[in-house]
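Taken in order, these protein sequences are the chains called Z, Y and H.
The working numbering puts the first residue of the first sequence at 1, with every later residue one more than the last.
The working numbering puts the first residue of the second sequence at 1, with every later residue one more than the last.
The working numbering puts the first residue of the third sequence at 1, with every later residue one more than the last.
Do not rely on the hints blindly, as some may be mistaken.
No more than 35 Å apart at the CA atoms, straight line, and that leaves these computed lysine-lysine pairs for DSBU-like [said to hold, decoys possible]:
1) K36/Y / K170/Y
2) K5/H / K96/Y
3) K35/Y / K60/H
4) K36/Y / K60/H
5) K60/H / K170/Y
6) K96/Y / K2/H
7) K60/H / K96/Y
8) K65/H / K5/H
9) K5/H / K35/Y
10) K176/Z / K2/H
11) K140/Z / K126/Z
12) K96/Y / K6/Z
13) K35/Y / K170/Y
14) K36/Y / K2/H
If you are wondering where the hints come from, they were derived from the structure by calculation, not from laboratory data.
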Amino acid sequence: MRDIMKMGVILLIITSVSGMVLGMTNSFTEGIIMERSLEEVLSSIESLIRDADEFEMIEDDEVLSRNRIREAYVGYENGSVAGFAIKSYAQGYGGEVEVMVGIIGDGTISGVQVMSQSETPGLGDKITEDSFLENYRGNKTAEDVSVDAISGATASSDAVNNAVEAAADLFEDILKNR
Amino acid sequence: MSASSIFVILISAIFVNNFVLSRFLGICPFLGVSKKVETSLGMGMAVTFVMTMASIITFVAQRFILDLLGIQYMQTIVFILVIASLVQLVEMVIQKTSPVLYQSLGVYLPLITTNCAVLGLTILNIQNEYNLVETIFHAIGAAIGFTLAIVLFAAIRERLELVDIPVEFKGFPIALITAGLMSLAFMGFAGLV
Amino acid sequence: MKLSKIFSRGLVMDNPVFIQALGMCPILAVTNTAFNSFGMGMATTSVLLGSNIVISLLRKFIPSKIRIPCFIVVIATFVTMVGMILEAYFPALNQALGIFIPLIVVNCLILGRAESFASKNSTVGSITDALGMGLGFTGALVLLGIVREVIGFGTVFDMQLFGDSFEPMALMTMAPGAFMALGVLMAVFNRIVYARLK
């Protein structure tokens, strides 16, 4: 019995030390990780809504609870709306594909950027290349926004198509009327 | 959530994203315990059992302990401890209640703790944001996929034993090349989902 | 045993990858490019170094009955720390390695060294052992990564090797290529070792 107590205490000590060490490491790296991902998002929206000088995150349940939508930002130019940047996602071949879609004016796609993906290297990850993503530029949200799939990477291309479509629908259904 | 989405999860875990042949999870038992069909079937059964149980418990641990306390960074430690104690518990229970089952599964159980397919599965469940039902079906699919791959592989290896191959290729090298051919065949399922 | 011998045996004769075939999952999964392989090798080596040091320091304090759970907690702590550091400073690498970072916990190489070496030897010896095994592991990973990257992408560490006429063999970057490349490399390694034994 004493033996079991002793073993329990030792295991407890080791686990709590490890918990403390991790807690400290976490509080140290957490800020850096957050800052980095914020920077990434900011530079992405800045390049998608070029004209805007001020950005605001949309915190509206009606918007954020929609299927495949993760985050949405609005960009203002001299106080009036210049465009939207919408972070949406869809299931690809290797996992989730997350994209940022820029929509300006009355519904023109200003660009699409892949934020994170885990598609097959050499095949599916071609969706991150400009030669594919630039096909979205200029598409109208009121029409079909999808583009032709990359051959050999249909599932990955479809994921981007689905995510962009979700963003376009969000614009058509809600954001356009703001 | 609908019946069809569960079906997709199941088929995808068994064939398209087969844990062994396309995700590279659980390679150690796949190469180590696949010399005979019978033993590989036993390993498959033991893994199926542990995977399903571990998925349910880690799901609860994530939702009601880690998320609640905001200590998601303890995930790896908590999950591996859950799996290790679960394996130990299962071993004790089987030993007491069913000596027959213990004889056929017992030797594989300690090996499962370090089977990365189990830990990998529990982490993937959380990453994919599955709910409890989806988690269970993902676990079952992953386990069937693992069993299917290891049993098929064992059947091939039984025959490989009798083949005359260069001495350098004996053992792991030829087994890996065989696994490569199998994985090539499984890529044919890619369009399924 | 001499330190130099402890160090060198991990590199060739007891190579964790080619001879012992330990930690096969990351070996196959993240070696599609030389850079990813190097990152994985370094991450594993750091965890191995940390766990070997702590376990050799605690070896008299940990009762043998509960040594495995203790080892696992120590290893998991280092793995989580390495994961956090990678996420903060090397986000691209972190994303490429993905789930295989937490899975370093179940790399049999690390638990194996804790059990068979660090729990029985001095701290200095354990550090040497970790460095030898870690470098042997990293070397093997990078070698496999180079082979797969050259054939699969036509590059090494992202440097273009061939002219435009080179058609990369995409299969090499995918699962079947990983299995086959490792199989062939192992056979080559066997051949070298056999020749030496004779």
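The hints, checked one at a time:
no., hint, in the structure
1, K36/Y / K170/Y, "holds, 16 Å"
2, K5/H / K96/Y, "violated, 47 Å"
3, K35/Y / K60/H, "violated, 39 Å"
4, K36/Y / K60/H, "violated, 41 Å"
5, K60/H / K170/Y, "violated, 42 Å"
6, K96/Y / K2/H, "violated, 47 Å"
7, K60/H / K96/Y, "holds, 33 Å"
8, K65/H / K5/H, "holds, 31 Å"
9, K5/H / K35/Y, "holds, 34 Å"
10, K176/Z / K2/H, "violated, 74 Å"
11, K140/Z / K126/Z, "holds, 24 Å"
12, K96/Y / K6/Z, "holds, 26 Å"
13, K35/Y / K170/Y, "holds, 13 Å"
14, K36/Y / K2/H, "violated, 41 Å"
Violation of the numbered hints given earlier is confined to hints 2, 3, 4, 5, 6, 10, 14; the remaining hints are satisfied by the structure.
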